[in-house]
Amino acid sequence: MSSEAAIIARGVSKRYRIGHRVRPTTLAERLVLAIKHPFAQDDRDVLWALQNCSFDISRGDLVGIIGRNGAGKSTLLKLLSRITEPTEGEILMYGRVGALLEVGTGFHPELTGRENVYLNGTILGMRRREIAARFDEIVAFAEVERFLDTPVKHYSSGMYVRLAFAVAAHLEPEILIVDEVLAVGDSEFQRKCLGKMEEVAHTGRTVLFVSHNMQAISTLTKRTLVLDAGACVFDGTTSEGIAHYRAMQASHADAPSSYRAAPGTNGNRVVEARVHTSENEGSHRWGKPIRFEFLLDVPEPASTLSFSFKVFDADDRAVCHLWCFASDARFRRESGRYRLTFDVPAFRLFQGSYTISTFLSDRRTYTEFEGLSQLCPFTVTMEGLERAEYEWETGDCVYLEDHRWTLARDGSADAAQQGGFHV
Amino acid sequence: MTAAAPLRLAPGQRNIGREFAETWQARDLLYTFADRDLRLRYRQTALGVVWVVLQPLIAAGIFTFVFGKVAHLSSDGRPYLLFAFAALTGWNLFSGILTRASGCLVGNSSLVSRVYFPRLILPLSVMPAALVDFLVSLGMYAVLMLVYGVTPSAALLTLPLWMLLLCAGAFGAGLVTASMTVKYRDVQYVLPVAVQLLLYASPVAYAAARVPAEWRTLYYLNPLAAVIEGLRWSLLGTDPPAAGAVAWSVTAAVLAVAAGVVVFRRMERSFADVI
Chain A
1 MSSEAAIIAR
11 GVSKRYRIGH
21 RVRPTTLAER
31 LVLAIKHPFA
41 QDDRDVLWAL
51 QNCSFDISRG
61 DLVGIIGRNG
71 AGKSTLLKLL
81 SRITEPTEGE
91 ILMYGRVGAL
101 LEVGTGFHPE
111 LTGRENVYLN
121 GTILGMRRRE
131 IAARFDEIVA
141 FAEVERFLDT
151 PVKHYSSGMY
161 VRLAFAVAAH
171 LEPEILIVDE
181 VLAVGDSEFQ
191 RKCLGKMEEV
201 AHTGRTVLFV
211 SHNMQAISTL
221 TKRTLVLDAG
231 ACVFDGTTSE
241 GIAHYRAMQA
251 SHADAPSSYR
261 AAPGTNGNRV
271 VEARVHTSEN
281 EGSHRWGKPI
291 RFEFLLDVPE
301 PASTLSFSFK
311 VFDADDRAVC
321 HLWCFASDAR
331 FRRESGRYRL
341 TFDVPAFRLF
351 QGSYTISTFL
361 SDRRTYTEFE
371 GLSQLCPFTV
381 TMEGLERAEY
391 EWETGDCVYL
401 EDHRWTLARD
411 GSADAAQQGG
421 FHV
Chain B
1 MTAAAPLRLA
11 PGQRNIGREF
21 AETWQARDLL
31 YTFADRDLRL
41 RYRQTALGVV
51 WVVLQPLIAA
61 GIFTFVFGKV
71 AHLSSDGRPY
81 LLFAFAALTG
91 WNLFSGILTR
101 ASGCLVGNSS
111 LVSRVYFPRL
121 ILPLSVMPAA
131 LVDFLVSLGM
141 YAVLMLVYGV
151 TPSAALLTLP
161 LWMLLLCAGA
171 FGAGLVTASM
181 TVKYRDVQYV
191 LPVAVQLLLY
201 ASPVAYAAAR
211 VPAEWRTLYY
221 LNPLAAVIEG
231 LRWSLLGTDP
241 PAAGAVAWSV
251 TAAVLAVAAG
261 VVVFRRMERS
271 FADVI
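As given, the protein sequences belong to chains A and B, one line each in that order.
According to the working numbering, the first sequence holds residues 1 to 423 in order.
According to the working numbering, the second sequence holds residues 1 to 275 in order.
Hints were generated in silico from the structure; no laboratory data involved.
What you are looking at is a predicted structure, and each value in this text was computed from that prediction instead of being measured.
Warning: the hint list may mix true and false statements.
So these bits of chain B aren't anywhere near chain A, every CB distance computed over 10 angstroms [claimed, not checked]:
| id | residue |
| --- | --- |
| 1 | Arg8 |
| 2 | Pro11 |
| 3 | Tyr31 |
| 4 | Trp51 |
| 5 | Arg78 |
| 6 | Gly96 |
| 7 | Thr99 |
| 8 | Leu111 |
| 9 | Leu146 |
| 10 | Met180 |
| 11 | Pro192 |
| 12 | Asp239 |
| 13 | Ile275 |
With a Cα cut of at most 25 angstroms, we get these calculated SDA-like pairs of lysine to any residue [stated by the list, open to error]:
| id | chain 1 | residue 1 | chain 2 | residue 2 |
| --- | --- | --- | --- | --- |
| 14 | B | Lys183 | A | Leu27 |
| 15 | B | Lys183 | A | Arg332 |
| 16 | A | Lys310 | A | Ala413 |
| 17 | B | Lys183 | A | Glu172 |
| 18 | B | Lys183 | A | Thr26 |
| 19 | B | Lys183 | A | Pro299 |
| 20 | B | Lys183 | A | Glu88 |
| 21 | B | Lys183 | A | Asn266 |
| 22 | B | Lys183 | A | Val46 |
| 23 | B | Lys183 | A | Lys288 |
| 24 | A | Lys153 | B | Gly107 |
| 25 | B | Lys183 | A | Glu130 |
| 26 | A | Lys153 | B | Ala34 |
| 27 | A | Lys153 | B | Arg41 |
| 28 | A | Lys222 | A | Glu172 |
| 29 | A | Lys153 | B | Leu111 |
| 30 | B | Lys183 | A | Ser13 |
| 31 | B | Lys69 | A | Gly267 |
| 32 | A | Lys153 | B | Leu38 |
| 33 | B | Lys183 | A | Thr381 |
| 34 | B | Lys183 | A | Ser373 |
| 35 | A | Lys310 | A | Thr381 |
| 36 | B | Lys183 | A | Gly267 |
| 37 | A | Lys153 | B | Asn108 |
| 38 | B | Lys183 | A | Lys310 |
| 39 | A | Lys153 | B | Tyr31 |
| 40 | B | Lys183 | A | Leu33 |
Note that the Cβ used here is the ideal one computed from N, Cα and C, for glycine as well.
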């Protein structure tokens, strides 16, 4: 293995300003502010999305990056892919960088598959003749041969994602940066993507891979960086890194059951998420009404903008799905900040610990604006609900249904006995 | 082997040579963006190409009716329709580039916040579509000349100069407004009003010679005045603009591009953070 450097990061920090006062977003507001407070200092709060991160990555390394939402992973990738520049420190990059931060960035629904391959490829930094040379390979990988001259708005979401990944995977950069692409697509396709990334690394190129999927991280990488609250808290073998991350998760388990977006991120996104449980501190009593509340920032309304979330159990299984896909939803037409609440009159998930994952996407273009996972940890308890002789035991099931039973001697006209369990 | 010189990313790290080299490297992207815009424009409109021809024709028709027939403005003895159309082709080139360039960053905000590419490519990529429109309307103008039996003069040879000045001025101004729109969204509401005012402050519907003499110096401070007059001179053989006024227009165009590039590069680093 070569030990030539591919990336050297030294004391890299990124600061975002967050408005305490309302930040002027129009020139008129700016002028009014300047007239009202001619000598006012810029007293906005700052947030360090990334602080003093240093690491070296050698050519041919396959490195995983893990961390909770808002730990600074996306910021790090944005810096490495040159979308934004660091506030402090320096990064040296040896070789052409190809970043796939979001599948299908730059795809246009009205253009055909063929046109989009060229569009997306050049956006990602390829020359047209490079694309032409690899065109057949890309199309074969994506398995969309028959639909090349169909506008991609008619593609199924699977085809769309396959084509988008195929373009990026054939970029042949010396340094490939991939963010959570495996959140989309079916498992067959995910295996294919993982295989492709492995192949890229085998040819002596460097791969950085961000994921919430520990399985993927551990099969693909030997080395892992763990980020927490903007700091690089671990750099070592993947197995130790994952252990570190899990320990960190556990120590954060008593975190309040709410989420607040790191400032500096933009585009359509969840600004705040909160689970209103029936009891204090993220504890919910079975069968009580529960409310899930989200604050959404929608600067780019889209005609098929959709929001949904899933509740995951402790084994990372999705057990419940709630959504807002209304065709007349206001955030599809007007930009702004929206408060979206979901009320469940009687929440029947069984005792255990749960988290939620949110999905904010555009159905028509298959753009996933944001997908957050492991938000708002909360627990469900069976407190105050007695079950004679059998104690409630976590893991027995994930869901308890209302039910009544009727017991009668078969063939007898005697009065039947009745009982049951309900909210 | 690739060159060993690494790319250094650090605060305020600017290397203008590298940036221009990268912009040149990304010329295929410019082509792709322009291609996308052209394709989409003609794919989504029912009238397609016809629309590009109709637009200036309708505008010239309205001008002819309002200013030529109702207000009886002089057109230096030329058919008013030709007089207005010649100037409108140039005006549309200018306002087309300016308006599209202004919106190009915000209009592609999802790209700007998610992928790196030399940002200058975006405003540059609006030019081909505007030039295509310009050529189509020149073709239309040629037809009108035949219809009216007007023959072009040797002044036609100066056409590229006026085109270049219009493109440069619009591009420079567009860079500034595009950068500002990222931070202050109301720029996009102010701009159409400003463009409308500029239309009437330029000799499109009337000849600059009609402006009272005592106002003329002030009038020619608008760098577009001499360019539009020059364009009409080259297409229709009306009076040429004064050399001094043209010199000012050239200076203004160079200044606009320089100022545009400086402002754009200054604000470029924060585009992804605030867009």
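I'd like to know which numbered hints this structure contradicts. Please list them from smallest to largest. 1, 2, 3, 8, 10, 13, 16, 17, 23, 25, 31, 33, 34 and 38
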